[in-house]
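> Sequence:
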Amino acid sequence: MIIPTAEPFLLPGNRTGCLLIHGFTGAPKEMRWMGEYLGNLGYTVLGLRLAGHATQPEDLPRMQWRDWLCSVEDGYYLLKGCMDKVFVIGLSMGGILSLLFASQHPVSGVVAMSTPYALPNDPRLPFLRMISIVMPRMKKGPSDWHNPEAESDHVEYPYIPTRAIIQLRDLLGEMRSALPRVKAPVLLIHSRQDTGVAPHNAEQILSALGSTDKQLFWVENSGHVIPREPDRLLAFKAADDFIRRVQSSGQGL
1 MIIPTAEPFL LPGNRTGCLL IHGFTGAPKE MRWMGEYLGN LGYTVLGLRL
51 AGHATQPEDL PRMQWRDWLC SVEDGYYLLK GCMDKVFVIG LSMGGILSLL
101 FASQHPVSGV VAMSTPYALP NDPRLPFLRM ISIVMPRMKK GPSDWHNPEA
151 ESDHVEYPYI PTRAIIQLRD LLGEMRSALP RVKAPVLLIH SRQDTGVAPH
201 NAEQILSALG STDKQLFWVE NSGHVIPREP DRLLAFKAAD DFIRRVQSSG
251 QGL
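The opening position of the sequence shown corresponds to residue 1 in the numbering used here, with each subsequent residue numbered one higher.
It should be emphasised that the hints constitute simulated quantities derived from the structure, not laboratory data.
Any given hint could turn out to be false.
Computed list of lysine-lysine pairs in DSBU-like fashion (alpha-carbon distance at most 35 Å, straight line) [stated by the list, open to error]:
#1 K85 to K214
#2 K214 to K237
#3 K80 to K214
#4 K237 to K140
#5 K183 to K214
#6 K214 to K140
#7 K183 to K80
#8 K183 to K237
#9 K85 to K183
#10 K237 to K80
#11 K237 to K85
If you anchor each label on the Cβ, the simulated ranges turn out as follows [stated by the list, open to error]:
#12 D241 to S143: 26 to 32 Å
#13 E7 to S152: 18 to 24 Å
#14 Q193 to L125: 23 to 29 Å
#15 P123 to R244: 44 to 50 Å
#16 Q193 to A118: 18 to 24 Å
#17 D153 to E58: 20 to 26 Å
#18 R66 to D122: 20 to 26 Å
#19 L125 to Q247: 36 to 42 Å
#20 D170 to M135: 17 to 23 Å
#21 A118 to S248: 32 to 38 Å
#22 M138 to W218: 25 to 31 Å
#23 S152 to Q215: 31 to 37 Å
A virtual CB, placed ideally from N, CA and C, is assigned to each residue, including glycine.
Modelling step: build the complete structure from the supplied sequences, incorporating the hints.
The structure is reproduced here in structure tokens:
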């Protein structure tokens with residue numbers, strides 16, 4: 001059963017589609033405000049739910065990273081069947097999936113927010129499979145919210161299944177290998193105050209991207225979950241400006 005308020009959502013609009021992808025252990029609710037903003041501008045918006053998310057934590061370790069990528073593929077083809085253009089917009093792990101997906105499919109453009117290039121250095125990373133046998137779950141680190149109201153009703157799993165971290169690690173490796181093959185226009189959005197994914201990650205992704213049209217937009221007064229933070233409207237406008245520019249230039253497929 002899906003957690004109440006964490007359901008996927010569809011906002012019908014014009015023939016430009018925006019596929020919104022939430023983050024690791026999170027839910028479509030993370031992207032809802034951004035979806036409503038873009039929907040009010042006339043775009044068709046689909047906020048998908050990644051496999052194993054927004055139900056119960058026990059569902060997540062049953063998933064592999066390919067299951068999450070298949071969730072994106074399903075959402076993309078739902079939109080692609082009735083849209084002229086589809087832009088893929090992801091938060092954190094949703095950004096990882098957006099970039100990997102764009103290396104394999106003809107998307108019109110990518111907006112990747114708070115996206116990691118690699119997991120933080122941790123001596124346990126090479127041994128996660130063994131660790132998962134005796135430690136099936138791990139505590140989350142401290143939050144970096146700048147919006148207490150949004151934090152109070154945020155929907156996410158209370159802990160991280162260790163097996164899921166293994167899949168996230170492997171997914172990141174796939175993304176890093178794929179970045180030079182990303183040719184679609186890309187907008188990266190990152191907060192300088194993000195303590196979950198340090199700002200240098202955005203610069204590493206920007207450098208590795210194969211696209212000739214790539215930008216990095218910084219926000220200042222936000223934590224990791226930018227679409228629910230004080231600077232969210234700046235990020236939303238940057239995404240809209242990016243989509244409009246790509247469409248007017250004729251770049252997006």
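> Between K214 and K140, is the straight-line Cα distance small enough, at 35 Å or below?
holds (32 Å)
> Do the alpha carbons of K237 and K140 lie within 35 Å of each other, as the hint requires?
holds (31 Å)
> Holds or violated: K183 and K80, Cα atoms, limit 35 Å.
Judged against 35 Å, a Cα distance of about 19 Å means the pair holds.
> Given the hint that K80 pairs with K214, test it: the Cα-Cα distance must not exceed 35 Å.
holds (23 Å)
> Taking only the CA atoms, is the gap from K237 to K80 under or equal to 35 Å?
Holds, at about 24 Å.
> Okay, M138 versus W218 on CB: inside 25 to 31 Å?
holds (30 Å)
> Has the hinted range 18 to 24 Å been met by the Cβ atoms of E7 and S152?
Because 19 Å falls inside the window, the suggested range holds.
> Taking the Cβ atom of Q193 and the Cβ atom of A118, is their distance within the range 18 to 24 Å?
The hint (18 to 24 Å, Cβ to Cβ) holds, given that Q193 and A118 are roughly 20 Å apart.
> Is 36 to 42 Å right for how far apart the beta carbons of L125 and Q247 are?
holds (41 Å)
> Is the hinted range of 44 to 50 Å satisfied by the C-beta distance from P123 to R244?
Check passed, 46 Å falls within 44 to 50 Å.
> Compare the distance between the alpha carbons of K85 and K214 with 35 Å, and conclude whether the hinted pair is satisfied.
Given that 35 Å is the threshold and the Cα spacing comes to 18 Å, the pair holds.
> Against the 35 Å threshold, does the CA-CA distance of K85 and K183 hold or violate the hint?
Holds, at roughly 16 Å.
Violated hints: none; the structure is consistent with every hint.
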